[in-house]
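Chemist: Construct the entire structure; sequences and hints are all you get.
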Amino acid sequence: MSAAPDLLVLTALLLPAGAFLLLAVVTPLRRSGRLGALVSVAAMLASFAAAVMAWRAFGAAEEPITRLWTWLPQQQSALASVGVLADEQSTVMLLLVTLVALLVQVYSLGYLADEPAPALGRYYMYQSLFAFSMMGLVLAPNFLQLFVCWELVGVCSYLLIGFWYRKASAARAAVKAFWTTKLGDVGLLIGIVLLWRLTGTFDFAELKTLATAGTIPVAGLGVITFCVYLGAAGKSAQFPLHIWLPDAMEGPTPVSALIHAATMVTAGVYLLTRTAFLFALTPDVLHIVAWVGAFTALMAAVLACVQSDIKRVLAYSTVSQLGYMMTAIGAGFASAGFLHLLTHGIFKALLFLGAGAVIHAVGTNDITRMGGLAKRMPQTAIVFIIGTLSLAGIPLFAGFASKEEVLGAVWAGGLTVPFFMLLTGAFLTAFYMLRVVILAFYGSDRPPAPVEHDAHGHGPAHDAPAVMTLPLWVLALAAMAIGIYFTLHHVEPEFVSPAWLTPVAVSVATAGILLAWLTYQRRTINEEQLASMFGPIRRAALAGFWVDDAFLFVYRLGVLAFSKVIGWTDRYLVDGVVNAVSAWTVMAGGGLRRVQTGRVQDYVVGVAVGVILLLWWLGGAQ
Amino acid sequence: MGLQAYLILSAVIFSIGLFGVMTRRNTVGILLGIELMLNAVNINLVAFARFNADVAGMVLTVFAICITVAEVSLGLALVILLFRTRRTALADHIDWLKG
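Going line by line, the protein sequences match chains A and V.
Using the working numbering, the letters of the first sequence correspond one by one to residues 254 to 875.
Using the working numbering, the letters of the second sequence correspond one by one to residues -19 to 79.
By construction, these hints were calculated from the structure, which means they are not laboratory data.
Distance ranges between label pairs, derived from CB positions:
#: 1; chain 1: V; residue 1: Phe63; chain 2: A; residue 2: Gly872; range: 38 to 44 Å
#: 2; chain 1: A; residue 1: Gly859; chain 2: V; residue 2: Gly(-18); range: 33 to 39 Å
#: 3; chain 1: V; residue 1: Phe63; chain 2: A; residue 2: Ala836; range: 42 to 48 Å
Reference excerpt, derived from the structure (chain V facing chain A, CB under 8 Å, subset only):
#: 4; residue: Val1
#: 5; residue: Ala71
#: 6; residue: Trp76
All C-beta atoms in this analysis are idealised placements derived from N, C-alpha and C, irrespective of residue type, glycine included.
Modeler: Here you go:
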């Protein structure tokens, strides 16, 4: 533990980069599939070990350690540098990223075992690149490196969503994810440049010094923080830019677990946590963050209730939980949001990997076609239920402490309406997760999963191989350990949450569980009646609240109409000028052509007139 | 008579020649105009030679006359060739220079 944390995090960062380069350059290794995969997994394992050591070596009280290299030199100092910034947040986040990335890569060995070797090599190449980019983002000491890595993880997300690129829907989803996040990234880039103009630096540490000294002019800062928030909203799937995340489920399930649940989508939350000192100066923007976050949390929770695709339920659930984190940050308590980010990363990865095991076994995503899987896949059922209870916020499970922290933060921030939105969301979260659990793992009264959909053709559904169940158990134990740790050893928050909060939060979650149990297990509440009670909302939710349609409408009306105007301008104004010039040239040429008669005498006249003019001019000069 | 009178005569003959070259339709007429212009120059040369008592002008004139003879014979030969190929001796029918 004597090694310096900055060297350790640097090692953790560079190992996957090496694996990526190896896989990208050495073609035979990539095409060999499993061997390349093992290289990537080995690099990730070493990286995880380095991250653990860095985390252990880094006491919470220590000052941040930076190690920088000049990237764009300037006269006096570096305009931009690259390097690592190791502090409490980044090392913890690094631990999460390396842990989930490692487990996902191990899990993928089983999940993608049937892929052809070159495709497997390509998958692990992307995975290594993603791990490197994500760590680069987490450890970024300045806005510039953060933005570069931000785009890199976006590219990896695009590549991995479209991993099965021959499937048209996957290719479309990849492009949609790329463009939608890009919409926010434009805001982020503008924000970074504006911030540089205002303060003259990209560096987080310098910015923090300036912010605490109060030397950053507050006028104009609101626009900057809002632009930065736009980037975060795109990446973290905040309303209305959340539409890409459910579609991103077209990618392989381990990818969804890593990128679209645990790490990349939380980059936005992480960014806001990193720059909380800037946002603290602009309370108006924080209000927007909180309200949008709360709305996203509630809306996505409603949407999750009507999905029948297990991965889409989890995707909407991720959107919803990201909304929770954002609301906590908006309330001014970034640490609460960050804590929820960490626990959510663990248990949502667990849920996704569990769902992957289910999909792997039964060959369908549709929960209405599953049922009674608990008997056939007992291990998967247990870990999935642990994940569900964590997400629902039941005591002793990972999500309990962090979700209560978020709720307490929002209440302490004085945001009463968002608080109740989040509370309703918590109720719905418990409901929809139990709905999935009961429909998929219990409810043996429905027909079992059709045999012809068995993905591997080796008999009925059963637990996944050890290479897949091991990561599940690791994550489940991590979720339990975190939950028990935080339940017994209550963290001292920066705010005072009311005494009634814990009972209320727990009872709300329990009520959600109870409702789902009564509806789907005991069937004392008729499913149809329950649905018809919320008729209009249900129909709206089935249509995704028409957000996609709104985008399409805006696209048709706005972008296409604008393009038409631009097209007309180009065709008739720009081209018109060019055409007019060329027409004049042709006309002038036609006129001048007549001078060239070809008759000698006409030329003689010309020469004579020229000589006379010359003489007259010379004579006049005297 | 002074030098001026010769120069005026020369200028008048030159102008008549130029006018002929510019206006005559017949190529033979154009050749005649050229002859007039050349001889106007010769008058100039001889006049200056005499009034400056310089033999060089006279010598130049003899050369010019020789060259003029050659030029006329060449010009007439061209006219005959033109007439054979184009069946015309009118200058404005010949527009081969036109691209």
